[in-house]
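**Student:** Here the protein sequences line up with chains V and U, keeping their order. Each residue of the first sequence is one higher than the one before, counting from 1 in this note's numbering. Each residue of the second sequence is one higher than the one before, counting from 1001 in this note's numbering.
Bear in mind the hints are in silico, worked out from the structure with no lab data behind them. In this text, a Cβ means the ideal position worked out from N, Cα and C, and glycines have one as well. Incorrect hints may appear among the rest.
[To be verified] Now the in silico label distances, taken between C-beta atoms and shown as ranges:
no. : chain 1 : residue 1 : chain 2 : residue 2 : range
1   : U       : H1278     : V       : M430      : 33 to 43 Å
2   : U       : S1315     : V       : E87       : 57 to 67 Å
3   : V       : M300      : U       : M1599     : 34 to 44 Å
4   : U       : M1599     : V       : P360      : 17 to 27 Å
5   : U       : M1599     : V       : G600      : 53 to 63 Å
6   : V       : Q136      : U       : V1596     : 45 to 55 Å
7   : V       : P601      : U       : M1599     : 30 to 40 Å
8   : V       : G600      : U       : A1676     : 16 to 26 Å
9   : V       : G600      : U       : N1338     : 44 to 54 Å
10  : U       : M1599     : V       : D408      : 57 to 67 Å
11  : U       : A1464     : V       : E87       : 38 to 48 Å
12  : V       : G600      : U       : N1316     : 17 to 27 Å
Protein chains: 2
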Amino acid sequence: MLLALVLHAAAIEGMWEPSQLLSLGQPLRAAGYLDDPARLGDLRAAPLGAVVSLGGCTASFVSDLGLLVTNHHCVVGHLQRAQKEGEDLVETGFYAASRQEERSGGKGARVYVTQSFEDVTEKVAGKIPAKTGDVQRKALIDERTKKLVGDCEKPGGVRCRVASYYDGLRYTLVRQLELRDVRVVMAPPDAVGNYGDEIDNWHWPRHAGDFAFLRAYIGRDGKPADYSPDNVPYAPPQRLVVSPRGIEPGEFVMVAGYPGHTERWRTAAEVARDATTHLPAYLEDGTWALDMLESLAREMPSEAVKVNVPRSYLSNGVFNARWTLEAFRRTNVVGVANARDESLRRWVEADPARAAVYAPVLAELSARVSKHDAELERDRVMGWVGRSDLLSTARTLYRWSRERQKPDAKREIGYQSRDEARYAARLADMQASLSLEAERRLLERFLARALSLPAGHGATELVAWINAAGPAGSPEAMARAAVDRLLAAPALATAEGRLDWFKQGPAAFEASHDGFISLAVALRPYDDARELESKEDAGAYARLRPRYVEAMRLFDPTRVYPDANSTLRVSFGTVQGYHPRDAVSYAPQTTVHGIVEKMGPHPFDPPAALVSAIAAGKWGSYADPGLATVPVDFLSDLDITGGNSGSPTLDAKGRLVGLAFDGNVEGIASDYVFDAQMARTIHVDVRYLLWYLDAVTQADGLVRELGLEPTL
Amino acid sequence: MLLALVLHAAAIEGMWEPSQLLSLGQPLRAAGYLDDPARLGDLRAAPLGAVVSLGGCTASFVSDLGLLVTNHHCVVGHLQRAQKEGEDLVETGFYAASRQEERSGGKGARVYVTQSFEDVTEKVAGKIPAKTGDVQRKALIDERTKKLVGDCEKPGGVRCRVASYYDGLRYTLVRQLELRDVRVVMAPPDAVGNYGDEIDNWHWPRHAGDFAFLRAYIGRDGKPADYSPDNVPYAPPQRLVVSPRGIEPGEFVMVAGYPGHTERWRTAAEVARDATTHLPAYLEDGTWALDMLESLAREMPSEAVKVNVPRSYLSNGVFNARWTLEAFRRTNVVGVANARDESLRRWVEADPARAAVYAPVLAELSARVSKHDAELERDRVMGWVGRSDLLSTARTLYRWSRERQKPDAKREIGYQSRDEARYAARLADMQASLSLEAERRLLERFLARALSLPAGHGATELVAWINAAGPAGSPEAMARAAVDRLLAAPALATAEGRLDWFKQGPAAFEASHDGFISLAVALRPYDDARELESKEDAGAYARLRPRYVEAMRLFDPTRVYPDANSTLRVSFGTVQGYHPRDAVSYAPQTTVHGIVEKMGPHPFDPPAALVSAIAAGKWGSYADPGLATVPVDFLSDLDITGGNSGSPTLDAKGRLVGLAFDGNVEGIASDYVFDAQMARTIHVDVRYLLWYLDAVTQADGLVRELGLEPTL
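This is chain V alone, in the form it adopts within the complex (with noise of 0.2 Å):
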């Protein structure tokens, strides 16, 4: 039927589990999937048994002999990893011609493949008696989950996990092969991979090369292994086929992958919260925090390097809130979400045995958003204090003394034997990023902030150490003298110090006069009641969310997959462009001409080789007809978010033709709704891949063994 090739206009919203593919065949051909969805959704044949985890990316089997395509940023850990001395392997690249010469990703890197998901929602949330308190369900489910995931991991090689599936309406036991041993094959310079950096990062037009090679290698026993020479490739029992015809505007594409996080469940409530207090609240803290990191580095050159990270992060979040309440008011996501609860609560209401099972359920979720409402601010003010490097690391040091006081086995997750190597290095690793400037001006400012909290909904603790020591003022004199105070000498200023308190016990802490030590000591008594309230919160929700869920589902079929939840998903649309604002279109596809045209100062300043292979205008068999040139990078509508990223696209047929690696800005508040219009998925285009391999760095063991001859 004609009218079906149209239905491309309007995105498939859905990040779809593999098991619900089968169902999905008449929107899948309507999209204009060409292959069977039955095949589509089994995990061992291809597409989907090719698809694997980098533990927060993506990457997919392209070769019999383990090699996985990625996203260039998701082996830049590798890269720092696999570099010698004096090498800068993230900035000049890396191309392995032979695979002696490939480089062990580091000890920490992994490949996990799914093998099987398992039901166990029965296991994890049955029985549970109605009057068991919500701290006491909290346990209960986490004992359960620990007891299902040890049996699971018994046998060796796998990991396991217990994902929650639809707010704890179903919970599945996914098993993965856990593969040890990642070697870096080839990735471009940053200045390819990366190119753009920061001031393109969300945004259309795109150029970035994003794409990495990896192979993974196995014991000569069949085994899992860690790095060793004797090791060899890992034969996948799937590989995706490279289709070097690439895509055009309007085809049907799907990407498979491993998407985080998404909150698109979350009541009416919640997102009203979100959208009128949290997120505006955090973008006003967050950008004076940013001004100030700024301004430190500005006024400090030393201090610039130490605050580097954070500012990125800040800067990363600053603009997410902005653009995420941007796409709020431009949807009215909150409107809408009240609309729907609403409506949910009348059909609720309108039936008696309905309201009786979900109308207690609305009610206690409605009330339990606003629960802490009257501490909000105190919970905000005491976030931003807790960012203070010395004291959230004097509060973690102190909780390390006391949990070393119980067997290993009964002390809090993250502060087992296991853990001690790992905190070590970090805490001497810290010092890198330290800026005791910086921690002065955001305690000088937070602490006045605290002092200044109403009365009955202050930070107690807080502000009776303050009031300990120094003298009555202002809470801004106050605050700066506390400060000072705090200051003077901290012992957790060097890594020398910080060792040494990781080793003390619970009476040295208690004893010292230490500032953000006895700062730490004084707000145990805060931290423990925030880590009661928050397992009994997880308690509540753990018995609420599955029914909300479960009343929405049955009131609206439509709402038809789980959020994100780091399982493998897939994702369908078509290659298409948008119209971001009046009177301005973008075209789904970039081409090498726009790298040229971008080029300026860093991030603008691409290779000389690729310079000259543009401008020796030889595309081969990688033009795309339409562009008659090569094509860089493209849009489509697909629903995807973070742990996406290297996600192979795949054709009508399920063959490669891109990886996804970013979102568009206009689509940043896909976390809570998926705006068709305006939400896209970056990809890199497999022709860009290919072209740049061949023509660029020459890799031409690598293009065969994609299957393919190189023609340059």
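Given chain V's structure and the hints, the job is docking chain U onto it.
**Tutor:** Structure of chain U alone, referenced to chain V:
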């Protein structure tokens, strides 16, 4: 012939003289013009007969009662002069529902109706002996010009000027009727007329309602007269017909108006000097000065308002320089100009007779460009030093004291009795924008630079003045000491002080110990030398440039239009968008919905009446059929420049469909070279104007005077 229809894909570069239009019948028809080209060139017929100059802006008669339409930004001065105590007509807008409510646009407001052109080339440049010195040649041309203008203006009521075409290859005496009673009829609020302000300036997509109405009055005796309540509306010989149908993408449009200045006949060497020396140097120093003023405004709120105007000028200048250089790079302006001049040189040298005439011209022009090269840095530094308000005032006052020694008629232009009152007013007014701290920072930098100039090419007089009083030291230290001395107690820092010095004779200046005054006296030899140099340059160019243009036109007969010179011109082409960069397309029309889309803090704060009218969605007959809503602004590929502001945009039958009001940033280098791919003119659509009058202002009387019926 069908092929002709696609001609609109390439812009037809040129700001044509009316007399040229007769010979442009073919390209005019090819572009879609439907009327008689002969009629189009006729000053005594519509449309050209209706197009007038406001001095710096263009306007056109749109009723038999002297009603004029122009840009909002062309009547800002009129509104300020028309407003009463406590009013802010720029902010609120203005509408006179009856003629009695119309207000005078001020004593200086003018409407110039072009009446005739007369070729006076022989009278201006003829019969000058070849051996006449350049300074004398300049004096002779000036004298002849003054005589022609004086004779022409003798009857009164007209303003005459001698305009130079093709760099003096032709001189034309232009006679214009000068109407002196100009009243404000209607202007939308600034937030409509100037929506987007500096942020949107030069940018597309644009949403400014940049239109306003004036009315010209005349004495009851039918002669131009100063404002008087007894005056009557001027009945223009011609008026434009308003087309409520508007215009569609791809259709023919033309603009008639008074473009001020272009540089398209500059030699390659001159273009190269601007591209590689002048503009980059200005960009560097201008960016420093802009940053300096911005820091100052941030650090000292009391200074912020004082430096507002220079900051805005600098901001525009720096913006302009940056984008001009960017466009130079994109279109390889220097390379193209070099190739053109090189071809010209070869053509000249290929024929001995031609070579005899033109080769010395090319050689001398080429040498002259670099004549002052050794002093470029000195002149640049002295230029920035001269931006000190107090120093430039001291120099001007000293010049006044000397000119006053001469009979009035013999004084330099600008220093005659009739200029006195205006200059006294400026001396008083300058207090509002005088920032001693800005003077300090500017002078400290550039005096230090002056002290560091290479020997033999230094600012001798300035350096001598600094050395005379200060102790030797580093340039920075000596500059600081000199500035301390200048700013110790400057006599010119108050209005009283300046006005007092305005009365003094040269001896008082020469005896003064005031810093700025004694520096002005010390700089007299420098100033006199520069003035002589500039007169000599002008005389030489008056001799050389016409021959260069003549040679170029013989060599390349396609170069058929003269540089803009504030005389009446016509440009034509079509409505079309453009591709500003890879994967981005700009549609040629914006809509009222784009106004809402852009809403935010100032300058994106449209008045509530406009917002509700858009929300109401009643478009009446003003909707564009393709867009199904009211269009706001549109783009064309027309070739215009500053001075064209307010120019009527006419359709294929010469009817008013919009007003030109800006160019786009990608075409900012159009003064040098017209980039047909990228340069666009921005117009306000007559349908937005009419809809606004009808739906928002409810100016029924005005709509009827335009020959239409209100429909909303």
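**Student:** So, for every hint listed, does it hold in this structure?
**Tutor:** Hint check:
1. Checked against the hint of 33 to 43 Å, the pair U:H1278 and V:M430 fails, with Cβ atoms roughly 52 Å apart.
2. About 45 Å separates the C-beta atoms of U:S1315 and V:E87, a value inconsistent with the hinted range of 57 to 67 Å.
3. The beta-carbon spacing between V:M300 and U:M1599, approximately 39 Å, falls within the hinted interval of 34 to 44 Å.
4. Taking 17 to 27 Å as the suggested C-beta distance range, the pair U:M1599 and V:P360 does not conform, at roughly 42 Å.
5. In this structure the hint that U:M1599 and V:G600 lie 53 to 63 Å apart at CB is violated, the actual value being about 32 Å.
6. Remark: the range hint 45 to 55 Å for V:Q136 to U:V1596 is upheld by a beta-carbon distance near 53 Å.
7. Judged by the Cβ atoms, the range 30 to 40 Å given for V:P601 and U:M1599 holds: they are separated by roughly 34 Å.
8. Checked against the hint of 16 to 26 Å, the C-beta distance between V:G600 and U:A1676 comes to roughly 24 Å, which is consistent with it.
9. Evaluation of the 44 to 54 Å hint for V:G600 and U:N1338 yields a failure: the beta carbon distance comes to about 24 Å.
10. Look at U:M1599 against V:D408: about 59 Å separates their beta carbons, and that is inside 57 to 67 Å.
11. A hinted range of 38 to 48 Å is violated for the C-beta pair U:A1464 and V:E87, which are about 58 Å apart.
12. Checked against the hint of 17 to 27 Å, the C-beta distance between V:G600 and U:N1316 comes to roughly 22 Å, which is consistent with it.
In summary, the structure is inconsistent with hints 1, 2, 4, 5, 9, 11 from the numbered list given earlier, while agreeing with the others.
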